[in-house]
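Spelled out, the chains give:
Protein chains: 2
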Amino acid sequence: MEVNTERYGEIYGVDISTIREAQVRISPFIHTTPVLTSETLNCTAGRKLYFKCECFQKGGAFKFRGASNAVLSLDLDQAAKGVVTHSSGNHAAALSLAAKLRGIPAYIVIPKNAPNCKVENVNRYGGQIIWSEATMQSREETANRVLQETGAVLLHPYNDKRIISGQGTISLELLKQAPLIDTIIVPISGGGLISGVALAAKSINPNIRIFAAEPRGANDAAQSKAAGRIITLPETNTIADGLRASLGDLTWPIVRDFVDDVIVVEDKEIIKAMRLCYEILKVAVEPSGAIGLAAVLSDSFRGNAAWKDCHHIGIVLSGGNVDLSALWDSLC
Amino acid sequence: MEVNTERYGEIYGVDISTIREAQVRISPFIHTTPVLTSETLNCTAGRKLYFKCECFQKGGAFKFRGASNAVLSLDLDQAAKGVVTHSSGNHAAALSLAAKLRGIPAYIVIPKNAPNCKVENVNRYGGQIIWSEATMQSREETANRVLQETGAVLLHPYNDKRIISGQGTISLELLKQAPLIDTIIVPISGGGLISGVALAAKSINPNIRIFAAEPRGANDAAQSKAAGRIITLPETNTIADGLRASLGDLTWPIVRDFVDDVIVVEDKEIIKAMRLCYEILKVAVEPSGAIGLAAVLSDSFRGNAAWKDCHHIGIVLSGGNVDLSALWDSLC
Numbered sequence: 001m002e003v004n005t006e007r008y009g010e011i012y013g014v015d016i017s018t019i020r021e022a023q024v025r026i027s028p029f030i031h032t033t034p035v036l037t038s039e040t041l042n043c044t045a046g047r048k049l050y051f052k053c054e055c056f057q058k059g060g061a062f063k064f065r066g067a068s069n070a071v072l073s074l075d076l077d078q079a080a081k082g083v084v085t086h087s088s089g090n091h092a093a094a095l096s097l098a099a100k101l102r103g104i105p106a107y108i109v110i111p112k113n114a115p116n117c118k119v120e121n122v123n124r125y126g127g128q129i130i131w132s133e134a135t136m137q138s139r140e141e142t143a144n145r146v147l148q149e150t151g152a153v154l155l156h157p158y159n160d161k162r163i164i165s166g167q168g169t170i171s172l173e174l175l176k177q178a179p180l181i182d183t184i185i186v187p188i189s190g191g192g193l194i195s196g197v198a199l200a201a202k203s204i205n206p207n208i209r210i211f212a213a214e215p216r217g218a219n220d221a222a223q224s225k226a227a228g229r230i231i232t233l234p235e236t237n238t239i240a241d242g243l244r245a246s247l248g249d250l251t252w253p254i255v256r257d258f259v260d261d262v263i264v265v266e267d268k269e270i271i272k273a274m275r276l277c278y279e280i281l282k283v284a285v286e287p288s289g290a291i292g293l294a295a296v297l298s299d300s301f302r303g304n305a306a307w308k309d310c311h312h313i314g315i316v317l318s319g320g321n322v323d324l325s326a327l328w329d330s331l332c
Numbered sequence: 001m002e003v004n005t006e007r008y009g010e011i012y013g014v015d016i017s018t019i020r021e022a023q024v025r026i027s028p029f030i031h032t033t034p035v036l037t038s039e040t041l042n043c044t045a046g047r048k049l050y051f052k053c054e055c056f057q058k059g060g061a062f063k064f065r066g067a068s069n070a071v072l073s074l075d076l077d078q079a080a081k082g083v084v085t086h087s088s089g090n091h092a093a094a095l096s097l098a099a100k101l102r103g104i105p106a107y108i109v110i111p112k113n114a115p116n117c118k119v120e121n122v123n124r125y126g127g128q129i130i131w132s133e134a135t136m137q138s139r140e141e142t143a144n145r146v147l148q149e150t151g152a153v154l155l156h157p158y159n160d161k162r163i164i165s166g167q168g169t170i171s172l173e174l175l176k177q178a179p180l181i182d183t184i185i186v187p188i189s190g191g192g193l194i195s196g197v198a199l200a201a202k203s204i205n206p207n208i209r210i211f212a213a214e215p216r217g218a219n220d221a222a223q224s225k226a227a228g229r230i231i232t233l234p235e236t237n238t239i240a241d242g243l244r245a246s247l248g249d250l251t252w253p254i255v256r257d258f259v260d261d262v263i264v265v266e267d268k269e270i271i272k273a274m275r276l277c278y279e280i281l282k283v284a285v286e287p288s289g290a291i292g293l294a295a296v297l298s299d300s301f302r303g304n305a306a307w308k309d310c311h312h313i314g315i316v317l318s319g320g321n322v323d324l325s326a327l328w329d330s331l332c
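Taken in sequence, the protein lines are chains A and X.
Reminder that position 44 of the first sequence reads as 44 in UniProt numbering, one-by-one numbering, no gaps.
Reminder that position 262 of the second sequence reads as 262 in UniProt numbering, one-by-one numbering, no gaps.
Excised from the complex, chain A in its bound form (with noise of 0.2 Å):
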């Protein structure tokens, strides 16, 4: 298959030109995170399976990719203002900790319902919280009242070319660590993630397939790819916090155009694999993060046509910021 990727940047914004500049400029800041293997889970899987374990990232997420390219591509006279977002959770540890970085203030507008231990993270990577209510329109009312109050930039989570290119870092890494690669899975959400990886990888291997995984109670990103356009969802109902976001008109063309398919999973199932990556790779993912092998584990992607060509399978462990209060709790 012949592959102009030259018009990538034309068409989506983003190419593998924008994602090597930001793997140059974040390279110094970020880790190079490691990849697992376990003999364990492939014959669970029967498929051979490399861990490309983002949530050692600093930050405890891929998020921190993105947020760092961001930052650092901003003038002189825009960073002087800080940066703004409003975000759930790792998307705004990692724009605290990459405005540290650089020496900016960073406000972080958060919903009341935010999860304890992602709170702690923004404080901890001295973010400027402010408290929303839970409705999206009261995240973006206040985020844009503290914008036109410090002049800060808007760092949207994902709609995002920079954080997009930021994030398609992954791929360069994961091919490098795991040449044998030919299937990527990825957690989607709002996209940036997968938009990033997806561009990367077919942009270096026009053969390897890439899949979404995103959970039943979510599925906005499977309904959009079946009607082809984007579907929003009037509610979400997952136990992956981090995956209630709808794509945006940046991430949709890239989704629409670079991901293979979309495999849904059960919240039951996201448990399973969770459990499976504490017990087996020791690993303490979030339940977004483990989304990626219980897609690989799922009757619904054994069932795809393409599972017979799926061999050497990269599964994106995006992070591992979880409240573990329970597990102190028997401990004490």
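Hints in this document: simulated from the structure, not taken from any laboratory.
Any given hint might turn out to be false.
[To be verified] Chain X stretches covered by chain A per the calculated footprint, using a threshold of three residues with CB under 8 Å from any CB of chain A: (1) 56 to 66; (2) 216 to 223; (3) 280 to 286; (4) 320 to 330.
[Stated by the list, open to error] Below, simulated BS3-like cross-link-like pairs (lysine-lysine); rule was C-alpha separation at most 30 Å, straight line: (5) X:100 x A:308; (6) X:308 x A:100; (7) A:176 x X:272; (8) A:176 x X:176; (9) A:272 x X:100; (10) A:48 x X:176; (11) A:272 x X:112; (12) A:48 x A:308; (13) X:48 x X:268; (14) X:100 x A:48; (15) X:272 x A:272; (16) X:272 x A:112.
Note that the coordinates shown come from a computational prediction; the quantities given were computed from them, not determined experimentally.
No residue lacks a Cβ here, since even glycine has one placed at the ideal position from N, Cα and C.
Fit chain X to the known structure of chain A by using the hints.
Same frame as chain A, now just chain X:
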């Protein structure tokens, strides 16, 4: 300081050559485990920390290094009859896996009070379980009976030159991955792990400091170092179930001569360190595995005369086989 490492083999039965030979023997079969770092934990400790993640080793603990070195060292006739051990956990799983690798039987004597997750690991790797009572006497008698019936080779979990040499390969990897390290903290139980690590590290760089980390409720190594002879305790009481063994006649001389000091910590410090491993590093360790971090953060280490000279500290996260039922019960 000039050191004649050539005589180590003569004195201790193990030297850098037997450790390098072990590395050649086992490296096709083991994981080269990653070294993780965390700015957050560096700030907490006031030192640069390098976490050697042996919980990601096959079988979930460092034990596979020694076990595979021992099993692969057996001659054909010995190997054909299989191997036996009486172990409460990680050595049992590791030996089962090593035996499976060579296609020979592993007979595993397990006391009835062993944690369930460690029993499951033995089952997973095809070890044949023979139950004993919880006392050491019953364990040894049962193992002897199996020896007589099968002609298999008894492989002690730590008091064995091949086992010590295998564990020593950790230092060969670690000092290559993090060459600035000036101090290594290692959990101590029977002493197999720390003997190998200390002997290898001090053969490569005699200025490296080696500290043992030991729970208050099983502090026989600290007592032994103070008394200048092996002290065994009538009973132990600690959450770190992997650290209840006593030093052996092979490990004691190495611990006596190569371990700079023993840092004794309380169980509550172990639980706190374990929590940091999960929440900050995102690594699922068992209590015994987290004790090195507990030691680094303890007042007793900070009060140690050597603390001011410990700048780059390697911490061996020795294993991750822990029963997390409470966590999964809270999710389901």
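Right, here's what the structure says about each hint:
Judged by the Cβ-Cβ criterion of 8 Å, the segment 56 to 66 of chain X is covered by chain A as claimed, because 3 of its residues qualify and three suffice. Look at the segment 216 to 223 of chain X against chain A: 0 of its residues bring a Cβ nearer than 8 Å to a Cβ of that chain, fewer than three, so the hint is violated. Here the segment 280 to 286 of chain X counts 6 residues with a CB under 8 Å from a CB of chain A, which clears the bar of 3, and the coverage holds. Counting residues of the segment 320 to 330 of chain X whose beta carbon lies closer than 8 Å to any beta carbon of chain A gives 7, which reaches the threshold of three, so the coverage claim holds.
For the hint linking residue 100 (chain X) to residue 308 (chain A), the alpha-carbon distance of about 29 Å falls within 30 Å, and the restraint holds. Note on residue 308 (chain X) and residue 100 (chain A): the hinted pairing holds, with a Cα-Cα distance of about 29 Å set against a maximum of 30 Å. This hinted pair does not check out: residue 176 (chain A) and residue 272 (chain X) have alpha carbons roughly 37 Å apart, beyond 30 Å. Note on residue 176 (chain A) and residue 176 (chain X): the hinted pairing holds, with a Cα-Cα distance of about 21 Å set against a maximum of 30 Å.
A threshold of 30 Å between alpha carbons decides the hint, and for residue 272 (chain A) with residue 100 (chain X) the separation of about 27 Å falls inside it, so the pair holds. Straight-line distance between C-alpha atoms of residue 48 (chain A) and residue 176 (chain X) comes to about 28 Å, which keeps the hinted pair within the 30 Å bound. At roughly 28 Å between alpha-carbon atoms, residue 272 (chain A) and residue 112 (chain X) fall within 30 Å of each other, so this suggested pair holds. Straight-line distance between C-alpha atoms of residue 48 (chain A) and residue 308 (chain A) comes to about 13 Å, which keeps the hinted pair within the 30 Å bound.
Distance restraint check for residue 48 (chain X) and residue 268 (chain X): the Cα-Cα separation of roughly 23 Å lies within the 30 Å cut-off, and the hinted pair is therefore satisfied. With a C-alpha separation of about 20 Å, the suggested pair residue 100 (chain X) and residue 48 (chain A) falls inside the 30 Å cut-off, and the hint holds. As the CA atoms of residue 272 (chain X) and residue 272 (chain A) are separated by approximately 26 Å, the hinted pair is consistent with the 30 Å bound. For a cut-off of 30 Å, the pair hint linking residue 272 (chain X) to residue 112 (chain A) stands: about 28 Å separates their Cα positions.
Checked against the numbered hints above, the structure violates hints 2, 7; every other hint is satisfied.
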